[in-house]
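Undergrad: The lines below spell out each chain.
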Amino acid sequence: MLETQAAYADTAFSNGYEFTQGTGYTLPEYPFVAPPELVSGEVRRYPLVIVGGGIAGLSLACALAHQGVEALLLDEDNTVGVKGAASRGICYAQKTLEIFKRLGVYERIARKGVQWSVGRTFAGEDEVYSFDLRQQQTHSLSVEPPFINIQQFYIEGFLVEQIQALHRSRPCIDIRWSNRITAFEQNEAFATLSLTTPAGDYTLQADHVIDCTGSRSPFRAWCGASVTAKKGDDRWCIADVRFRDAPPVERHTWIEAPFNDNRAVWQHLMADGVWRIDYQMAPNCDPEQVSREDVVRARLNAQFKRELGEDECEIVWVGPYAYRSECLDGLRHGRVFFVGDSAHVVSPFGARGGNSGVQDADNLAWKLAAVLQGRASPGLLDSYSAERHEAAQQNVLVTNRTARFLRPADGAERLFRTAALGLARKHLFARQLVNTGRMSAPNTYSRSAACDKTGGIATQNVIFSWADGQPGELVDLLRWAGGQLLLLVFGALPASAARRLQALAGHSGLRCVQVLAPGQQPQAAEHVIDRQGHLRATCRVAGASASGWALLRPDSYVAATGQRLDTSLVRAVGAAIGLQEENA
Amino acid sequence: MKSSLHFQDADAFYECLLDAHQGLGREQSELLNARLILILANQLGDTAVLKACIEAARAGQPD
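Residue numbers (the numbering used here), protein chains in the order written: chain A, 1 to 584; chain B, 1 to 63.
Bound-form chain A, shown alone:
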């Protein structure tokens, strides 16, 4: 995929939901290769099959490729991009960017994507408030920015190429394009998948199936998965447009836009100078009508207060959609793991859809690798559902609150919104009530058997110094640990503790590193220097030079922390690899 601007195809206005198939971009096409089963007729058994090559499925496959885990990835078409009627992600949050760095695609995303710092919120003709992220004190210790805006298909394309590159050096991920699943069943011993391809149909068996097919997942019905859902009547229509004379690089949010019948409008920039303008529609609107070219252009003209010629405003993609929120009650059903939109669907406020899909994938990938490569007990896989279901419920809660602010019921709900907007113009505190979306943030895991009560928290990608003084990032340290647990031991060690650490370091599945404050002497073979104290801070280990430890998982979460290298550490390691407490 070219780093330069993607070529545009003519936008096909076809007056309906099918228009959201979108032909506004020319996307890469990947060749269909007839699966060997079609020739041999053999029904093969695969340890791991990922169904769906969207952002979640590709992130999972890429993480597995890094660890040399063999998997089959099945995708129903031969490209990445705007298939299906769901809105497509444009905003990637810090935690997700850190994961992309570990996967090796971050640099391309940062080069291609855009960042903004000025945001303005309007109601009526007035600005309610504005902010400049550069002037705000940031509490983030991460090397990565708070977010980057970029079209989702670019990330998917980068992931495909990264998987292919890893596959060339060590064959692991077999991507099968144009393989569509038509039937599924599972029993005690294996799952059976039926597939259709341009060259014929075939059947395969799998030990583990990862459903990344998205919001219309057929696996929900096949597995009899129960779903907690809430259907809203809020309708929106996206217009992705490119202007000859670009507006200022700022995020603009109208809660009540006079040019959109006092309904909400979002406007922000992504790569290639394309602006996403998202209009809230009337609940009873006709999706076909609101996405017709002349109607989209009329909205744009009203917004920019003049007739925009075709040469100065190019419509790249239009997609009407309705908000809904759905969450599976369990993310594992037998051999099937639900990841991304197939597990949960939320309204797009705060970019919690794509970001949580990538974080689901990152949570599951290391567990699958550890179990399939014999470093962890199969019971560890159940913690995926416990951890990511908690995250999904949190995302549902947060996005439903935003949805309620943006589409208040008549009566008291609208009254309080009017009151909050009125106050926000004058009073700082009331701005916090103006809810235009709360940016996706890493979730805390409080119900997981794999995390101690001292853990379950995400770290940030902080900087430190290697023993030779070279600068390093936590992501490098996690890469060095290579899918094993990473024990960071802070401060100076008494001789007995140093011996214990040495014994621990010999065990497979655990890498140990001593983290020194400047001036402290190392007692362990592997050590780094925490010059700024950021490693200690992000691991929530108290003090400046006092001893303590943090057990980090390959997904950069803290599994547990403690003070002494005693049985609490042994228990934490056991829990983090899925061993049940004997007396539990």
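Honestly, the hints are just simulated from the structure, not real lab data.
Source: prediction; values computed, not measured.
Incomplete in silico selection of chain A near chain B, CB under 10 angstroms:
no.: 1; residue: 419
no.: 2; residue: 423
no.: 3; residue: 429
no.: 4; residue: 432
Cβ pair distances, simulated, as ranges:
no.: 5; chain 1: A; residue 1: 229; chain 2: B; residue 2: 51; range: 24 to 32 angstroms
no.: 6; chain 1: B; residue 1: 27; chain 2: A; residue 2: 439; range: 33 to 41 angstroms
no.: 7; chain 1: A; residue 1: 426; chain 2: B; residue 2: 17; range: 19 to 27 angstroms
no.: 8; chain 1: A; residue 1: 426; chain 2: B; residue 2: 56; range: 23 to 31 angstroms
no.: 9; chain 1: B; residue 1: 47; chain 2: A; residue 2: 307; range: 49 to 57 angstroms
no.: 10; chain 1: B; residue 1: 47; chain 2: A; residue 2: 133; range: 26 to 34 angstroms
no.: 11; chain 1: A; residue 1: 453; chain 2: B; residue 2: 56; range: 31 to 39 angstroms
no.: 12; chain 1: B; residue 1: 2; chain 2: A; residue 2: 426; range: 25 to 33 angstroms
no.: 13; chain 1: A; residue 1: 330; chain 2: B; residue 2: 47; range: 25 to 33 angstroms
no.: 14; chain 1: B; residue 1: 29; chain 2: A; residue 2: 330; range: 48 to 56 angstroms
no.: 15; chain 1: B; residue 1: 2; chain 2: A; residue 2: 130; range: 32 to 40 angstroms
From the three backbone atoms N, C-alpha and C, an ideal C-beta is built for every residue, glycine too.
Following the hints, put chain B in place on chain A, whose structure we already have.
TA: Then chain B, alone, in the frame of chain A:
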């Protein structure tokens, strides 16, 4: 949530509140109340106290 008397001058507060609504139509009065609730809630801040206050107010509804 405090149930015992905390006003420095309850009568004066009550009078001040009624005065603020003088001359306002129903909608304006409702909006004033809504703004006032948000301002006062921010003075309290404490989630548990605010929740208890809302529950106490709901319990005051006639059946």
